[in-house]
Structure formats: C-alpha cells, structure tokens
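Participant: Can you build the whole structure from these sequences, using the hints too?
Here is what each chain is made of, one letter per residue.
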Amino acid sequence: MAQIVSLAEAVRLAIRDGDAVAMEGFTHLIPFAAGHEVIRQRRRGLTLIRMTPDLIYDQLIGAGCARKLVFSWGGNPGVGSLHRFRDAVERGWPAPLELEEHSHAGMANRYVAGASGLPFAVLRGYNGTDLYRLQAPDGGNPPTIKPITCPFTGERLTAVSAIRPDVAVIHAQRADRCGNVQFWGITGVQKEAVLASRRSVVTVEEIVDTLDPRPGAVVLPAWTVTYVAHVPGGAHPSYALGYSARDNDYYVAWDAIGRDRAAFGRWLEENVYR
Amino acid sequence: MSSGQVTADAAALSEPAYTADEMMTVSAARALRDGMTCFVGIGLPSAAANLARATHAPGLVLIYESGTIGAKPAELPLSIGDGILAETADAVVGVPEIFNYWLQPGRIDVGFLGAAQIDKFGNINTTVIGGDYDSPKVRLPGAGGAPEIAASCREVIVVLRQTARSFVERVDFVTSVGYGSGPGDRARLGLTGAGPKKIITDLGVLEPDPATLEFTLTGLYPGVSVAAARQRTGWDLAVAAQPEVIPPPSAAELAALRSLEGVAA
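Sequences listed follow chains A and B, in order.
My numbering puts the first sequence at residues 1 to 274.
My numbering puts the second sequence at residues 275 to 539.
The set of hints was computed from the structure by calculation and includes no laboratory data.
There are no misleading hints in this set.
DSSO-like, lysine-lysine: derived pairs with alpha carbons at most 30 Å apart:
| id | chain 1 | residue 1 | chain 2 | residue 2 |
| --- | --- | --- | --- | --- |
| 1 | A | 68 | B | 411 |
| 2 | A | 146 | B | 411 |
| 3 | A | 146 | A | 68 |
| 4 | B | 346 | B | 471 |
The model shown is predicted, which means the values in this text are computed figures rather than measured ones.
Facilitator: Here it is as structure tokens:
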C-alpha cells in the first residue's frame, strides 16, 4: 500500500546505488523534481531507463549518476542535442556510458512485457535495421532483440526482452490521501513502467480527499504504488496538463548550459545541490 | 530559418520572397492529400503536415507518436508531446497502443519523417555518424518511432535539407529501412509498407527510379540548377529526363506557414 512521504524520503527509501530506474513521462509529466533529488542524494551506478531521456537524464548523466542508459530517442525535443549525453558517449565524461538502444515501439513493448509478467514481447519491427547489429554475441550487451518465428503463420517477427526496473518514478496530476494515483492527457508508458517495476515513486501536483472520475484518466490503485510525494511543479520544465505549460525558454537555454562542462557544473551547484 | 533568403526572379516581382526552408516545407505539405492519415515525425515533417491541414487538406488526420490521434493544433507544437496536441485530438492513447494498434497493422497512409543522413536507397540514419558505434564522431538522438513508421506506413515521405554530407552513398548506420540494398529487400525483410516515395529537400524533390529504386532528382525549385543539386549530393545523382520545375509558394501558403510558426507574414 502506498505511503505518502516527502520527496527526499521517497528517493532515500526507494532508490539504491546500482538500481535500474525508469523515470517515465513522454514529453509530458516528466518527473524532474524527483530526478534532481536523485542527483542531490548522489546515487551512483544507476541503469537509467527511459524512452526519451530528455533534459532529465542529460542532467543525471552529467552529474555522474549513471552507468548505463536504456533508451530509444535521446534529444532535446524541439531544440536539438543532449550535450551531456553526447559528452558521455563521445568522450566518456564524466564517465563512460553503456548504451542499450531500441526503437520507441520496442521500448513500449518491453514495458508491456514487464507489466504483463512475461519474459518478452513480440512486434513487427527492427528487421533490416542495424539495431540488430548491436546485439552481436561479442557486442558486450546481453541480447535484448531476437528474431522469432510465429508458431501459427511462420511469419518472422521480432522478440524484445521485458524491462523489469527496480524502481519506476513518475509524476502525476493527483493522488488521494490513500495514495491512489490519477493522471491524464498524454499518458505515455507510465502505467506500464510502474506495473513492470518492483518499487515506485509517484510525485503529484495535488493530494485531494477524493479522486473524481475523469474520462481518459489512468488510475493506479494505491496497492500498486510504493511511495507518493506531494511535489507541486514537480514536472517543470516539462508540463502538467491542467496545471502548468512547458517552460520552453528553459529547454532552449539548456542547450548552452548542457554544451559546456563548467556551465553545467555551475547549474548543478546553483539549482540542485544548493 | 537558417537558410538564406531566395529572392523572386525579375519576371515575378509580385511574388513574395521566401526562404529555402519555407519552399521545402510548402513542397512537403503539397505531397499530402486531403483525408489521408499521416504519422508525423518531429521537426520539419510536423511543420509541413500542419501546413497541409491549414491549406489544401483540412481533413488530414495527424497522428503523433505521443499517442494523439487527429490532433488539430492552431500553432506548431513545441514538441511531439505538446499539450496543444492532446487538447485538440480526436483521441489520446498510450504509447504502446499508438505503435501496436495504430501503426503496426498498416492502417496509416503516410509516414512523414526527418533524417540526419539518408542514402540513395532511402535508408535513414539518426543514430551515429563517423567512427564506430561505441565511439562515434557524432552521437545522434537515435531511432525514436522512425523504424516502425518506415516499416509499416503504407508509404513514407522524408523531409530534410540537402547537403553532400547528409546525402550519402551508404548511411553509416541503418536506423530505419528504405529500400535496403535495392529491389526485393523490403519483401525479403517482411516490411509491410511500400517504403519511401519522395525525399523532399530545400533544393527539390527526389523519387525512386521504378526499376532500380535509386533516388533520382525529379523536381527542382525555381532558380535551383541540376548542377547545384548534384553538388549537394554525396552519390552520383541520377536526374530525370525533364525535372519538373516546382511552383514557388503561393501567398496563401506562405501566410498559413508563417501564421503556424507565429511569424508575422
């Protein structure tokens, strides 16, 4: 049953060094405040899992929290590159970053398999792409993409291994006092991420007495969630539909901050560690 | 817009001035027909698809990988997950559903993609350039939704600026498959869609040769020469017998595009 705790407490209790952590939110409801708390608590050796790493993982990678990244699209949406991510991949700074790389369809299906308690998911994808090549036996990474033949039709399809994170971290619009969680708008892959994970942290804009039913909303019952923390604005600079808009100036300004190691270091000191 | 201003020639002084990027976006928008369903990639494709909807194709159904189906934004979204897409959509679904139920079965007419690097068979690279995968010269964002959009939409249109560095004989990494190594490859790989039908650039339009599937220059914008297009292509570009001269943007197209971009016309 979900416990309502502070953000610092939730991160301290849920996330350990070396964990596989999935902070999800598909350009909407990105759990930035929780990511900054992970940086503040100086977690190390994390496997960071996320379809669209976005600025949140650029910040975690630059701060030295990550050992490995599992992802499908690592850019600054609508702006350009993630320079901390690129610095780690191209120059090994602040530490080398192992990559496990997929397409969006592959990542989404890997979460579905994890949430379904299955070892893999099947899709029609990857055939002919070099994403297969990354799975070569001597490539280092254990394979996560393999061909599979349909037992009914003989069609050649692709199997992708399940994602089973230690912890899922998401941001939602609301929770009630029992820890039932509700979110709406672009709901992405957050339900699957929470249900695929052993533990979860949900930050919310509001804690209310009762959750009014809302068409199209996803509800995660309290017994599927580990920790809930009240963090208004916890998705900033991404947006929370019904609460706040995307702070596009922040995304644009990040390009220059992320590009420069020293500027990034100052940003960390002034905005996260302080 | 980063590219230079192209001034209308002396014979058409009444035509408004426009940039090469505006010409490219208008040209890409014209490739979409009213009533189509269109899976829209981030960046240039989104601008073109929204322009088509604002001009000749009001019934165009825009589908974004964030799960918004039938989005009708009045201004260009800041990203594929912009709230304006969710608030104006016919339906909003989760990410597994958009790929599994909507894209994978082949119910989308056209996939509209950008690229960092493309080769003469329309294969797209958005992963790494130079060096090798483990220590690339340039690390690009990666696949996103593109591999399955390229595989499963009934057809694909690619929009990107044309340079000798981005138009290469063979891409450094096949992120999304066009025609592979040539005829027969898509069928052999089990790719259900027909593949890329047009590459629309800031110089003109390339289409696959029906026999070889090699992308061939079939259209040029006013004032662009075949020599310029060949110079900005990294392979020995084949040219149609009589490349079409593509009409410049109309005043209405330019006004609609600038309004979408929030720029005063």
